[in-house]
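Chemist: Read off the chains here:
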Amino acid sequence: MNALLQTGGLFWVTSRAAGTAALVLASLAVGIGLLSSSRGGGGRIAELRPLHEALSLATLAALAVHGLSLLGDQYVGYTPVEITVPFASSYQPFWTGLGVTAFWGLAALGLAYYQRARIGPARWRTMHRFTAVFWLLGIVHALGMGTDRGAPWFLLMVGVTAVPALLLLLWRILEPAQPPPGRAPRRRAIDYS
Amino acid sequence: MTPEAERRRRIALARLAERARRISLIRRSVVAGAAATFVLAWGLALGNQLAHGTKTHPGESTTTTGEQDTAASGVESESSEGVVVPVNPAPTTVAPVTPAPAPAPAPAPLTTSQS
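Here the protein sequences line up with chains V and Y, keeping their order.
Once you know that position 101 of the first sequence is 101 in our numbering, the rest is easy, because the numbers rise by one and skip nothing.
Residues are numbered in our numbering as their position in the second sequence, beginning at 1, plus a constant of 193.
Worth flagging that the hints you see were computed from the coordinates, not collected in a lab.
All figures in this text were calculated on a predicted structure; none of them were measured in a lab.
Treat the hints with caution; some may be incorrect.
Here are the in silico distance ranges between beta carbons for each label pair [to be verified]:
1) Met-194(Y) <-> Arg-172(V): 43 to 51 Å
2) Ser-90(V) <-> Arg-208(Y): 32 to 40 Å
3) Leu-206(Y) <-> Leu-71(V): 44 to 52 Å
4) Leu-233(Y) <-> Leu-71(V): 17 to 25 Å
Beyond 12 Å from chain V on every Cβ pair, some chain Y residues (computed) [unchecked claim]:
5) Thr-195
6) Pro-196
7) Arg-200
8) Arg-202
9) Arg-203
10) Ile-204
From the derived model, a few chain Y residues whose C-beta atoms are all more than 10 Å from chain V [unchecked claim]:
11) Glu-197
12) Glu-199
13) Arg-201
14) Ala-227
In this text, a Cβ means the ideal position worked out from N, Cα and C, and glycines have one as well.
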């Protein structure tokens, strides 16, 4: 334990834990988000949306801890630039870059919710769909360079939350197009004259 | 305001309060769940770290100094003091080993006493 304290190893452990928590929370947020906007979840939207929002904010907080705690670790020695600029890291630049890109994408698209009126609901909804892409980038980042990627507990925690969200995402992509929930399909006026 | 309108207003306010309470409960539950997930992951990661005695590095295997004989070539390891030391690369070529001659049978002891 002293060794961990001396080398900043506890920061490394903290970063791993925060990354795992972020992945679990993001997977839950994506799953709940997909459920809340699907036909099946139509009756529970009022309760699912605050849950989706809270999970999304918790994900961003966990990601902030994940990145910031890396600065305290002396083993890899990340710099602020390396953890904020995609592909600027000297250590595993590709996988780290994917993680940084995923963070900025999730942060930008998630926080855009609070600028929805300015962006416009339709444009915001189109933008918000790309959140899943950055979530997938985060999963690839974790499986590509995560220290715990082979640990059974990590695979269990992520698998239990990410696989259902992935299935929901596939279902959403494959299901036929439909109007947004809670809005009746617009009927065109028929001119009988 | 008519009594009917007043009644509707009270119902609406009660519903809003109920919704706010429900949302507050959801947020608190998410914060608690996120904290629990983090603590669980932290404990598991720390346990993993201590169990393997390594400063695990993605994509690499590391060993303690006591295991250096079996370590892969070129990896870094952490000593029992926590200092990361490079493991000397193992030779990539193996010299042919000639079988040692069988030892000659030892002569029979002259005495049977054992000291």
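Chemist: Does the Cβ-Cβ separation between Met-194(Y) and Arg-172(V) fall within 43 to 51 Å?
Modeler: Since the Cβ atoms of Met-194(Y) and Arg-172(V) sit about 46 Å apart, the hinted range of 43 to 51 Å holds.
Chemist: Decide, holds or violated, for the assertion that all CB atoms of chain V are farther than 12 Å from the CB of Arg-203(Y).
Modeler: 20 Å, holds
Chemist: Take the C-beta atom of Ser-90(V) and the C-beta atom of Arg-208(Y), compute their distance, and say whether it sits inside 32 to 40 Å.
Modeler: 56 Å, violated
Chemist: Does 44 to 52 Å hold as the CB distance between Leu-206(Y) and Leu-71(V), or does it fail?
Modeler: 48 Å, holds
Chemist: The output says Pro-196(Y) does not contact chain V. Does that hold with a beta carbon cutoff of 12 Å?
Modeler: The claim stands: Pro-196(Y) keeps its Cβ more than 12 Å from every Cβ of chain V (closest is about 29 Å).
Chemist: Ala-227(Y) clear of chain V by more than 10 Å, beta carbon to beta carbon?
Modeler: 4 Å, violated
Chemist: Does Glu-199(Y) sit more than 10 Å from chain V, CB to CB?
Modeler: 25 Å, holds
Chemist: With 17 to 25 Å as the target window, see if Leu-233(Y) and Leu-71(V) comply at their CB atoms.
Modeler: The hint (17 to 25 Å, Cβ to Cβ) holds, given that Leu-233(Y) and Leu-71(V) are roughly 24 Å apart.
Chemist: Hey, does Arg-202(Y) actually stay past 12 Å from chain V on C-beta?
Modeler: Nearest chain V Cβ is 21 Å from Arg-202(Y), so the label holds.
Chemist: Against chain V, does Arg-200(Y) hold up as non-interface, every C-beta pair farther apart than 12 Å?
Modeler: Non-interface label stands for Arg-200(Y): nearest chain V Cβ at 23 Å, farther than 12 Å.
Chemist: Just want to verify: Glu-197(Y) was marked as not at the interface with chain V; is every Cβ pair farther apart than 10 Å?
Modeler: 26 Å, holds
Chemist: Decide, holds or violated, for the assertion that all CB atoms of chain V are farther than 10 Å from the CB of Arg-201(Y).
Modeler: 20 Å, holds
Comparing the model with each numbered hint stated earlier shows that hints 2, 14 do not hold.
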